[in-house]
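Sequences are here, hints too, so could you generate the full structure?
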Amino acid sequence: MEILGYITLSLFIGLMLLTLFGYIRTPVQTVLVLSTVLTLIIGAVFRYFDSGWNAVLLMPNEFLGGIILHPITALLTGLFLAGGLKASGGFEALKKMLNYLRRSPIGLVGTLVILINLPVIASLPCGRILAASLLPLLFTFGLEGGMGLLTKSQIIVLIGAFTRNAMGSCGPSPIGGVGQIGEGFLGSFFPTASEGILRAPQAFSLMLGTAVVALFLKFVSKRFYPDDVALRDVPPAWKAEGLREAVIEAPAKGYLALVIFVVSLLVSIFQPFGKMPVQTVLVGGALVMVVACRIRINDLLDGIILLPVTAMAAGFLAAGALAATGGFDALGVILNSLVRVPFLGIAGMLAIFVQFQTILPLSCSRILTAALVPVLYLFGPAKFGFLDWSQLAVVMAAYMINATTSCGPSPLGGGGMMGEGTMRAETGFIKGAYTFSSMAIMAPLAAIYMKFLNLSVFQPSNPDFVRDIVTIGEFTLVVAVANILFIAVMGRLAGTNASTNWFIQLVVFLAGGAIAGGILAFALFEQNFALITQGVAGGLIAAALIALMVPRTLSRRMTATLTGPEM
Amino acid sequence: MLTWITFLFVGTLSGVLISWALDMSSPKELLQGALGGLIAGFLMAAMLPH
Amino acid sequence: MDSEKEREIKHQRKDTEQPLVLPGIHRYQFFTNLKDRGWTKNLDRAAVFGIVAALAATVIKPLTKGNPATIYCYECRACYATQDRCPVGITFQAELVVAGRVGDYDRFIRSGGLKCIRCGNCQSYCVQYLPLPVMFAAMQEDTRRAIKKGIVPRCSLESAMTYGLVGKEFIDDVVRALA
Amino acid sequence: MAERPESNIPMRKTEETAVWGRQAAEASRAWTVLGEALSTRGVRLTIYLVLTAALFPSSRFILLVALVLSLAVVWGRELSRTGSRKIFYLAACVAILVLGYVLTRADVVRVDEARISTNPWGNGISLVADGTYQGEAWGYRGPIRVEVSVRDHRITDIKTLAYPDLISVKDSVLGPFREALLKAGRLERPALPPMYRGAEQTIEGYLNAIEAALGKGIPDYPRYNAFSQVFLAAFIGRAPDRVTLNALAILFATFLVFEYTLQSMITPGTGRAISCYNCATCVGACPIKEAEGVQMPMGLVLLTRLGDYERVMELSKYCVGCGRCAAKCPIGNSGPLVIAAAFQAYRRQQKGKGASPGEEAAS
Chain V
0 MEILGYITLS LFIGLMLLTL FGYIRTPVQT VLVLSTVLTL IIGAVFRYFD
50 SGWNAVLLMP NEFLGGIILH PITALLTGLF LAGGLKASGG FEALKKMLNY
100 LRRSPIGLVG TLVILINLPV IASLPCGRIL AASLLPLLFT FGLEGGMGLL
150 TKSQIIVLIG AFTRNAMGSC GPSPIGGVGQ IGEGFLGSFF PTASEGILRA
200 PQAFSLMLGT AVVALFLKFV SKRFYPDDVA LRDVPPAWKA EGLREAVIEA
250 PAKGYLALVI FVVSLLVSIF QPFGKMPVQT VLVGGALVMV VACRIRINDL
300 LDGIILLPVT AMAAGFLAAG ALAATGGFDA LGVILNSLVR VPFLGIAGML
350 AIFVQFQTIL PLSCSRILTA ALVPVLYLFG PAKFGFLDWS QLAVVMAAYM
400 INATTSCGPS PLGGGGMMGE GTMRAETGFI KGAYTFSSMA IMAPLAAIYM
450 KFLNLSVFQP SNPDFVRDIV TIGEFTLVVA VANILFIAVM GRLAGTNAST
500 NWFIQLVVFL AGGAIAGGIL AFALFEQNFA LITQGVAGGL IAAALIALMV
550 PRTLSRRMTA TLTGPEM
Chain Z
0 MLTWITFLFV GTLSGVLISW ALDMSSPKEL LQGALGGLIA GFLMAAMLPH
Chain H
0 MDSEKEREIK HQRKDTEQPL VLPGIHRYQF FTNLKDRGWT KNLDRAAVFG
50 IVAALAATVI KPLTKGNPAT IYCYECRACY ATQDRCPVGI TFQAELVVAG
100 RVGDYDRFIR SGGLKCIRCG NCQSYCVQYL PLPVMFAAMQ EDTRRAIKKG
150 IVPRCSLESA MTYGLVGKEF IDDVVRALA
Chain D
0 MAERPESNIP MRKTEETAVW GRQAAEASRA WTVLGEALST RGVRLTIYLV
50 LTAALFPSSR FILLVALVLS LAVVWGRELS RTGSRKIFYL AACVAILVLG
100 YVLTRADVVR VDEARISTNP WGNGISLVAD GTYQGEAWGY RGPIRVEVSV
150 RDHRITDIKT LAYPDLISVK DSVLGPFREA LLKAGRLERP ALPPMYRGAE
200 QTIEGYLNAI EAALGKGIPD YPRYNAFSQV FLAAFIGRAP DRVTLNALAI
250 LFATFLVFEY TLQSMITPGT GRAISCYNCA TCVGACPIKE AEGVQMPMGL
300 VLLTRLGDYE RVMELSKYCV GCGRCAAKCP IGNSGPLVIA AAFQAYRRQQ
350 KGKGASPGEE AAS
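Chains as they are written, first to last, in numbering that gives the first Met the number 0: chain V, 0 to 566; chain Z, 0 to 49; chain H, 0 to 178; chain D, 0 to 362.
No lab work stands behind these hints, which were simulated from the structure alone. For clarity, every value in this text was computed on a predicted model and none was experimentally measured. Virtual Cβ for every residue (Gly too), placed ideally from N, Cα, C. Treat the hints loosely; a few may be bogus.
[To be verified] With a straight-line cut-off of 16 Å between C-alpha atoms, the simulated EDC-like cross-links for lysine to aspartate or glutamate are:
1) V:Lys151 to Z:Asp22
2) V:Lys221 to Z:Asp22
3) D:Lys182 to D:Asp156
[Stated by the list, open to error] Cβ pair distances, simulated, as ranges:
4) D:Val93 to V:Pro135: 41 to 49 Å
5) H:Gly149 to V:Leu16: 39 to 47 Å
6) H:Arg84 to V:Gln270: 22 to 30 Å
7) V:Phe20 to Z:Ile4: 44 to 52 Å
8) D:Thr39 to H:Pro86: 29 to 37 Å
9) V:Arg551 to H:Pro86: 53 to 61 Å
10) D:Leu44 to V:Thr191: 40 to 48 Å
In C-alpha cells, the structure reads:
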C-alpha cells in the first residue's frame, strides 16, 4: 500500500505545480476535483485488489471526511453579514466615522494605520470577508475613487499592506481561524493553549509583517514592475491645491447595520450567552439585519464570494482523498528522511517545513494545514520525539503564521488577488512583497515571541520576564532593521533589466531566508552552532524555492497566461 | 502586562514604518502614524486572552 | 478534413446566431482564451457543482443520522489533550468525530471508536463544549448496524481484532461478522 | 436556442415520426414546465423548506415561524402595492394557530400545576394504589419501557421490558441505581457524577418511564386532553431547542450556497460566472468602472451569478463593449459573454411569462 501513497502525493503536488505555473489553465477547483477523482480511481484499484469491493464502496465516505465544515460555514455566514452591511450602507457609515477620525489628532496617517490593522483587530474567520468589503472603501481614497487624498504609490502601499493584514487575520481569529488547529494540537501539553496560545505571536508578527510589506511595495515592487499598475496619479496641481472634500451620505440604517455587525462579532468572540456556534450568531445577525435594515435576502447572497468556499471545499476533498490513500503518510516519511540528510538535519528540515505553505501557495491555507499540522505533531513527543513540547510550540507558531498568510500570494485565486485587482495591478505584482514578509519577518518573529514571551506566560514558573522582553525587543529590531536594509539595497540596485532584477531579488531572498532559518533554529535549540548552521541551510533551500515562484516580469507572464506558453 | 508593552512597542514601530512607506515622512505625520499604530496595537492586545 | 470544415462552419454559424450584447457589437469581440482554459464545455461547472453537492451531503448526512453536533467541530484537536485521562487509551478523539460526521466506519474502528465507553472525560477539553460521548455513541450504534449488514470490510475488522480495538460491548458483533 | 428540443420537433412532419413527435413534444413540454418551475428561485426555496421540515421534525416550529414571517412581509408589500387580500388569509391562519397554541398552552399549564400536587415523586408514592403498572419514556436511543410493582406505597420491584440504551450504561450505572430505588422504595433523583452525559439521558428516560408507570396507579392523575395532544404532535413536535437552531443556521448557509451555484448551473451560458475570483481586475480595465453603485463588469458577472438578470439588463446599457475586461481576466472569464448569456436568460424568462411574442418571431 505504501507505493500508493507516493503515487497519489506526486500526482497532487504535480498537478498543483502545473496549475501554479500556468501550464494547466483551468480554475483551481476543477484541477482539485480532477486530482481527487484520479486519486480515488487509483486508490480504488489498489483497494479492490487488496480487500475487495466493500472497501472500495466505502471510499466516498472516507474522502468526504477531509472536508472541515466549520471554516466553510463560518466563512459563508461571515460573508452574509458583510453582504448585508454593504447593502444597507454600513460601509458608508464606516466611511463617515473614518472621516471624523481623520480630523481628530491622529490625522489621516493614523487613521490609515488603524484601518490597515483593522482585520486582525476584528478577527473574522477568513480575511476575505473584510477585504471584499473594505477594499473598495480604501480605493476611494485615491483619485479614481473620487476623494483624491492619496497618490498612486500611496494607494498601492495602502492596499497591499491592508491585504497582507487581512489575509493573515484568519490565523489569530478566535472564532474558528486556522490558528485554532495548531492551538488544539498544543492543547495536549499546555493546559490553556486551546484558548489562544498562538494568537499573540501571530498578531505580533503580523503587525511588523504588514509594515514590511508596505516598505517592500514602496521601494522594490514599483521598481521591479514599473508599468504593471494601471492606476492614475493625482495631478500635481491638485496636490498643491490641497484636499478636495467629498460629501459622504450615510443612511441611518447603515449605522444600525454597523452596530448589528459589531455586536454579532463581539457575541461570537466573547460568547456572553453561553457557548453557541459562530454560525448561529452570524446568521442570526444577518437575519436581524434583514428585518431591521430592510434589505433583501438577495443582498445576503450578493455578499458570497464563491471562489474561496468552493476552492476550500475542493481542496479538502483532494486532501481527504490523499489521506484516504495514504498520501500524507508518505509525505511524513519523506520529511522524516530529510532529517538524515547531511547539512540539513532536524533544524534544516523544520526551516523548510515552516515555509512549505509559502512555497506551495494554495487558494486557502487550511487545505495543506489540516494535513501538515498532524505531521508536525508527530515530530513532537507524540511519536518521533525530535522536539519537546515547547519547541513544538515554537515551530507551530512559525508554521501557522506562514500558513495563514499563504493565501495572499497565491495566483490560484488567493486573497491577495483581490488587492491586486483593486490596485489595478497585474497578477503577481504583490507576490514578492508577500512571500518576502512571510518568509523573512513573520516566521522568525513569531518563533522568537513564542519562545521568549508566550511560553513564559503559559508556564509561569519562568522568572526571567524582563530579560526575555529585552531579547524580543533586540530580535525584533535586528530582524526589522536587517530586512529593511535588504529592501533598501534591493530597491537601490534595481534597474530596468528584468533578469538582473530577478537575480538581485534571488540573492536578497536567500539572505533573508538564511537569517530566518538561523533565527528559527536559535529559537528552537538556543546557541547550538551546528544546528543553527543546519537551520541556515534549510532556510536557504526554502528561500530559493520561494524566490523561484516569484514572477520575473509580470506583463510577459500575463501574456503567456492569456495566449498560451508558446509565445 | 509585558504582552501589552510589546504590542504597543511593535504597533508604534509598524505605524512609523507604514507612514514612512506611505510617503508621509514629515515629523508630524510620523508621529500621527505612531499614534495610530499605538492604538492598533492596544486594540490588538485587548483582543488577546489573558 | 470534412469534420474540420464542418466544425468551422458550425462555429461561424453559431457566431452569427448570437444575439447582440449592445447594438452594433457582436459577441466575437469578447471571446477570450476560454477555449484554451476549459478542456470541455461543462467541466468547470460540473466540478463546482460536485463540490457544492459534496458540501451539502456532508452537512445533511449527520443531521439526518441523528448526529447533528458533529458539524460544529472545529477540528482543532483540543480533545487530544485527554491523553492518559482516557480510560481506554483513545488518542485521536477528533478523528472519531470526523468519522461520525461522514459515516467512515473504517476510520472509526481504526481510531479505536469501538473501545470507547463514553465516560465523557474528553468532553471537558472541547473548545466548543460539544457532547463528544453522545456523538461517539451514535456512531457506535451506526457502526454496529453496518457490521451486521456486512458493509465494513473484513480486513479492517480483522486488524481491529488483532490490535485490540474492539470493546467488550461489540466483540460479539465483530466475531459474528468475521465468522 | 438549439438546446430547446421542442423548437426542432415541429420540423419533422413526416408520417412515421408524427406520433412519436407528438409524444416527445408532450414529454418535453412536461419537462419544460418542470424545468421552468425549478428555475424559479421561490419554488426552489420552497422545496428546501419542505425538505428541511420533512427531515427534522424538531425544526418545524421555527420553520413555520420563518414561513409566516416571510409570507407576511411579501404579502404585506403586495397589499400596499396592488391591494391584494392575501395577507388577511394569512392573518386568519395565524390567528387559528395562535388560538390553538393558547388553548394547548392553557391545558398544559393546568395539567402541570395539577401534577405538582399529585406527582409520584418522593412522598407522592403514598398516592399510588397497589398493583403492577407499565410505563414508557424516551431514553437516549429509544423508548424505555418498565414495569413497576407497588405494594403498601413502596416500590417493590422494577422490571425493564425494553431498554435500547443497553450498550451505553450496561451494568455500571443503571444496576446500582435500580438497587438504590428499590432500597428507598420511592422515586428519587440519583446522585451521579455530572460528566456522564449519555448515562444522564438514560437515567432521565428511566426515571420518566417509572414516573409514567406510577402515574397510571394514581386514580385521578391529570392528563392532556385530546386537542392538545394532536396540536403538540402536529405543529410543534419536540420542543425547539438550541441544537435545532444551530443546525438550521448551518443548513441555511449550505442551502443558500447550493442555491447560488445551482442558479448559474441551470441557466445556460452563465456557468462561467461561478468561477469569478472577485479580484476586480476587470474593473481596472473597464473604462466605465462604476455605474449606479455597481463595479462595472465584475458587478454584472456577480449579478448574473445571483440570477438577477433584470438588473443586469438595466445596467448593461452602460457597457461600451470594448472587451478589455475579457483580455484581462486571470481565469479567462469574459464579462460580456456572461452578460450576453444573462440577456438570453432574461429573454427566456420573459417568454416564459408570455410577455413578448414579438421577440419570438424575430428569432
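Taking the hints in turn, this is what the structure says about them:
For the hint linking V:Lys151 to Z:Asp22, the alpha-carbon distance of about 11 Å falls within 16 Å, and the restraint holds. Using a Cα cut-off of 16 Å, the hinted pair V:Lys221 and Z:Asp22 holds, with the two alpha carbons roughly 13 Å apart. With a C-alpha separation of about 10 Å, the suggested pair D:Lys182 and D:Asp156 falls inside the 16 Å cut-off, and the hint holds. Between D:Val93 and V:Pro135 the beta carbons are some 42 Å apart, a value that agrees with the proposed interval 41 to 49 Å.
The hinted range of 39 to 47 Å is satisfied by H:Gly149 and V:Leu16, whose Cβ atoms lie roughly 42 Å apart. In this structure the hint that H:Arg84 and V:Gln270 lie 22 to 30 Å apart at CB holds, the actual value being about 25 Å. Remark: the range hint 44 to 52 Å for V:Phe20 to Z:Ile4 is upheld by a beta-carbon distance near 45 Å. In this structure the hint that D:Thr39 and H:Pro86 lie 29 to 37 Å apart at CB is violated, the actual value being about 56 Å.
Taking 53 to 61 Å as the suggested C-beta distance range, the pair V:Arg551 and H:Pro86 conforms, at roughly 60 Å. Under the hint 40 to 48 Å, the C-beta atoms of D:Leu44 and V:Thr191, about 44 Å apart, fit the expected range.
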